[in-house]
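Participant: Protein sequences, first through last, are from chains A and B.
If you read the first sequence in my numbering, its first letter stands for residue 1, the second for the next number, and so on.
If you read the second sequence in my numbering, its first letter stands for residue 1, the second for the next number, and so on.
Keep in mind that the hints are not guaranteed to be accurate.
[Unchecked claim] Once the Cα atoms are required to be at most 30 Å apart in a straight line, the calculated DSS-like pairs of lysine-lysine come out as:
hint	chain 1	residue 1	chain 2	residue 2
1	B	Lys37	A	Lys108
2	B	Lys37	A	Lys36
3	A	Lys267	B	Lys492
4	B	Lys223	A	Lys280
5	A	Lys108	B	Lys165
6	A	Lys36	B	Lys276
7	B	Lys276	A	Lys154
8	B	Lys477	B	Lys433
9	B	Lys276	B	Lys327
10	B	Lys167	B	Lys327
What the hints contain is simulated information worked out from the structure, not anything from laboratory work.
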Amino acid sequence: MALVDLSSGSLLTDAAPPIVELVPETDDAALAEAAKEAGDNAGPIAIQFPNFGDGRGMTLARLLRERIGFKGEIRAVGYLIPDLAPFLLRCGFDTAELADPAATETWKESLARIDRAYQPGVRNPLAMRYGKGESAGRAGDAESPAGDGESAAKALADKLAGTKDIAARMALIAESVDGRLAFSSSLGLEDQAILNAIAEARPDGGAFDIFTLDTGRLFPEVLETLEMSEIRYRLRIRSVVPDAKEVEELVARDGVFGFRQSIENRKSCCEIRKVRPLNKALAGAAAWITGVRREQSGARAEMPLAEWDAAHGLIKVNPLADWNGEELDAYLAEHNVPVNPLHARGFISIGCQPCTRAIQPGEDPRAGRWWWESEEKKECGLHMNPMRERVSEGQAA
Amino acid sequence: MYRYDEFDNTFVRERVAEFRDQAERRLSGQLSEAEFKPLRLRNGLYLQLHAYMLRIAIPYGELSPRQLRQLAMIGRKYDRGYGHFTTRQNLQFNWVRLVDMPDILDALADVEMHCIQTSGNCIRNTTADPYAGAAFDEIEDPRVWCEVIRQWSTLHPEFNWLPRKFKIAISGAAEDRAATEFHDIGLRIVKGPDGKTGFRVLVGGGMGRSPFVGKEIRPFLEKQHLLSYLDSMLRVYNRYGRRDNIYKARIKILVHELGIDKYREEVEADWEANRKESIDLPQAEYDRIAAYFEPPALAPRPVRDEGVDARRETDPAFAGWLRNNAKPHKVPGYTSVVVSLKEPGRTPGDASSEAMELVADLAEQYGNGAIRVNYTQNLILPHVAWSDLPALYDALAAGGLATGNNELLGDLICCPGLDYCNLANARSIPIAKEIAKRFEDPERQAEIGQIRLNMSGCINACGHHHSGNIGILGVDKKGTELYQITLGGSPKDDASIGSIIGPGFRAEAVPDAIDTIVSTYIAHRDEGETFLDTWRRLGAEPFKEALYGAR
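The shape of chain A in the complex, shown without the other chains:
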C-alpha cells in the first residue's frame, strides 16, 4: 500500500492510520460523529470506494468539508483509478491509498493534466470558471465551518497581545498552531524583523515555511537581501514563482508594461504574478504570517494580530500589526538585521521593480506603490478577502 498526497502527487511514507473508515452509505449523523472523533484524535478519516465508478465518497468528502467543517486529513481508500485524482482533490480529499506504489507517476500526471474547473469546490470557493492556480487552502468557506478557525484565531490574537516582543510572539505562534506556518516575505523591513524573530525562536526554522513571491520583476537588491539573509540565518527562503504559461499569456495580451494602462491590467498582473502563486503556497498551511502593520495604510488600520482567513482556510497572523515605525526601526538596528539597501535610497514599501518608486520624506509609506493610481485602491490583492469581495459583487449585480 502506498499513499499519494493529492495536492502534490508525491508519495507519503509516514502516514497515520485512519481514526475512522467510512462506508459510502454513511448518513449525516455518522458523518458528524466521525468528524468529531477524528478531530478529537487529530487523525485522518478514510472513505471507502467499493469501485471507482461509485461517486458517493465524493459527496461524503464535500459534506465533511463544507457542512461539517472538518479540517483534518480525508483519505480515499478502496478501488481507485488515477483518473479520479483531480476529482478527489476538488471534493476535499487530501490523500489516496494505492494498491500499487508504481502507479504514483500516473496519479501525478492525472493531477497535472486538467488545470481548470468550471465549478466551485472545496479548494476553489469561487463560483464557476476558475483555474486551479486560484484555488486556495482547504475548506474555503465564508461562513459555516469557520467557527473553530475563528475561535482559534481569536485565542491566538489574545495570546499575542500579551507581549510585544516579536520573538516571543513567534514562539507563541509555533506553540499554538499545529501544522505548516507559512511566512510570505517580501524581504521588506517588517518581514526582515519577523525573519530575525523566527531565527531566534526556532533556529532551524521549525514548522515555519519561509518563502518569497518571486514575481520575475523584483529589484536585484531584493534578491541580494535574500541571499544575505539566508547566509546570516542559515535558513532557506523558498522562491515561489508564477505559472510560466500564465505569464506568457498575460504579456502576450497586455504587453510587457501592460499594467500601466489600466487598473484592470495591473490587477491581472498582480493576480498572476503574486496572488495565484501565494494561494498555491498557502494551500494546506495552518497559518500565514505577514508583516502587515496598521500604520501602513487606511485600509489596514483595523488589522488584528490574528484573524481567521476564510478564503484560504487558515489563521492569518499579523505579529507586527500594533508596531509603529519607530519601534520597527529600533528593533532592526538593535539586532543588526540585514535590510534591503533600497530603503536607504527612499524606497519604503517595495514591490515589483516597475511598480515601485522612491518616496519623499513625509509622504505616505505606500505612496511609492503603483504611484499612478488613486490612494484607496492600492492593494495587490494578497491581503484582500476574495470571498468578501465576491459576495458583495454578487449582491450588487
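Dock chain B against chain A, hints included.
Facilitator: Chain B alone, transformed into the frame defined by chain A:
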C-alpha cells in the same frame, strides 16, 4: 450563440491532450480494453457492433455553419461521408477508427465542440427547445441556462460518478418541445406570482425499460438559485440512488421508490444547508453568458408575400412543405424552417457531408447563420424571412432536404437499431424505411394529419417509442425479431406513456399493422380530432378489434 473564450478553449484542449495520451496508451497495449472503456466513454467513444462510434455533443442542439461544415469534413475524412443526428440533439459517427480519434477531437475543438460527457454515468448534454429564441410562444430563451448548465456540469467533481446517466431538458415556451417530462430533470420556464420568470422543476421522468412521466418537485424556483437547487437534487440522487442494479439506477426509480414527497423533503433539507452563494451563478457571469444569446436584429417584415402565395397556389409539394415545415416566428414576416432528414427511403436522421454543407450554406444565405438540431432528428433554420421561402425550398429540394412531412407520419423517430448498435435486439432502420414508403403519398399523410410515430430497436428506448402516439419496440423473441406496438404516448404538455396494444408483429407485418391502426383512427375520428384525441376518447378496443379481431 455561445462562443468559447480563452478559458473554455484551454479547458477543451486539455481534455483532448488527455485523451490523446489515453488513446496512445490503449494502442500500445499499456491500457486494457476494460481500463480504457470508462475513459473513452467519457469522451463519447463507444465500441459498437462493427466499429467505434463517436457521439459528438451539440450543446442544446445549436450549431453554427462553421461547425456544421467541420462535421461534414470529419464525416468525409474519418467516416463514410455521413453522420447520424440522434434523438438527443447530438451527432454520431458510426465508423471512426480509434487511431483517428485524437485528431477528430482536435478538429472539433477548432470549432468549439467536444464529446465530453456524451456518455457515461454523468450529466449529459442538456436538451432544449430547438426553436429557442425564435418561437412565437416563448416566455424566455432557455439557451442561456442550457449553457450555464453545460459549464456547471462539465467535469463536475462530485457528480461525475452518478449511479447512472443523467439528462436535463429545458423549455422556455408555452408548448413543450423539449420533452421535459421525459427527462431526469425537466425545467419549464414559467411566470411566477410577481410576474418574474422562474423554473417549474420536474424530476424522475424517463423512458427506457421503466418509463415514467416526470413529477413536480417545485412549482416555482427563483432563477438565481438554479445551480444550488440542481446541486442538491443531484446530491440526494448520488447518495441514495441505487447502485446494485443497473436497470434500477436511474433517478426515476429513486423518486418512484421514495415517493416524490420524501425525495423533495431530502432535497429541500440539503438545499437549506447548501452554500447557495458560492454555487449559484454570480449575476455578472450570467450576464456575460446571456450576451451571447442576443436575438439577431430582425426588422419586422410584411407577413404576406406574393411570391410565396403564387407558388403555394401552383405547387402542392411546396404548399405541403410550407404548411408543415414552416413554423411561426416571434418576429412578423419570419419563420423557422424544418429541414427534413426524413426523405422516404432514407435512414431517419442521417445526413451526408454534402447535405451538411448545403444546410450550412443556406443558413448563411437565408437563415442569419443559425442552425438547430431537433430531437425528432431534423435540422431547423430558426430565422428565415418569409419571402425567401421559395428560393430556400428549391435549394433544399435539390439536396433531398425539403420533404414536407414535419410532424406527420413520415417524420418518424428511429434509433440506429441492430444495423449499428450492440444493445439492439432488432433492426429499426429497415422497418422505418418500409413504413415511410407505405405512407409515401403526401396526400395520405395530410389526411392523417399530425401524428408522432416513434420506433426503438430495444428496450432502452433511444427511439422514444414510449412517447410516440404510435410506438414500435423491436424485441428478440427466441431469435426472431418481433415488434410490439404501443398506442397513446405523448411527449408534449399532456405527456403520457403508450400502452401495449397486443401481441407483437413480425417485421414484414409492421407496415400493415400501422396502416390498420391509422385507418381505424380515420374511420372513428370526430371532426378536428388528432390521433391522440381519438385514442383517449375511445380507448384500445376499436384498435384491438381491427388489429387482432380477425384472428
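Participant: Now, for every hint given, state plainly whether the structure supports it.
Facilitator: Each hint, compared with the structure:
1. B:Lys37 to A:Lys108: At roughly 21 Å apart (the allowed maximum being 30 Å), Lys108 (chain A) and Lys37 (chain B) satisfy the hint.
2. B:Lys37 to A:Lys36: 40 Å, violated
3. A:Lys267 to B:Lys492: 51 Å, violated
4. B:Lys223 to A:Lys280: 34 Å, violated
5. A:Lys108 to B:Lys165: Within the cut-off at roughly 28 Å; holds.
6. A:Lys36 to B:Lys276: 25 Å, holds
7. B:Lys276 to A:Lys154: 27 Å, holds
8. B:Lys477 to B:Lys433: 22 Å, holds
9. B:Lys276 to B:Lys327: Given pair Lys276 (chain B), Lys327 (chain B) is violated - Cα atoms ~40 Å apart, limit 30 Å.
10. B:Lys167 to B:Lys327: 27 Å, holds
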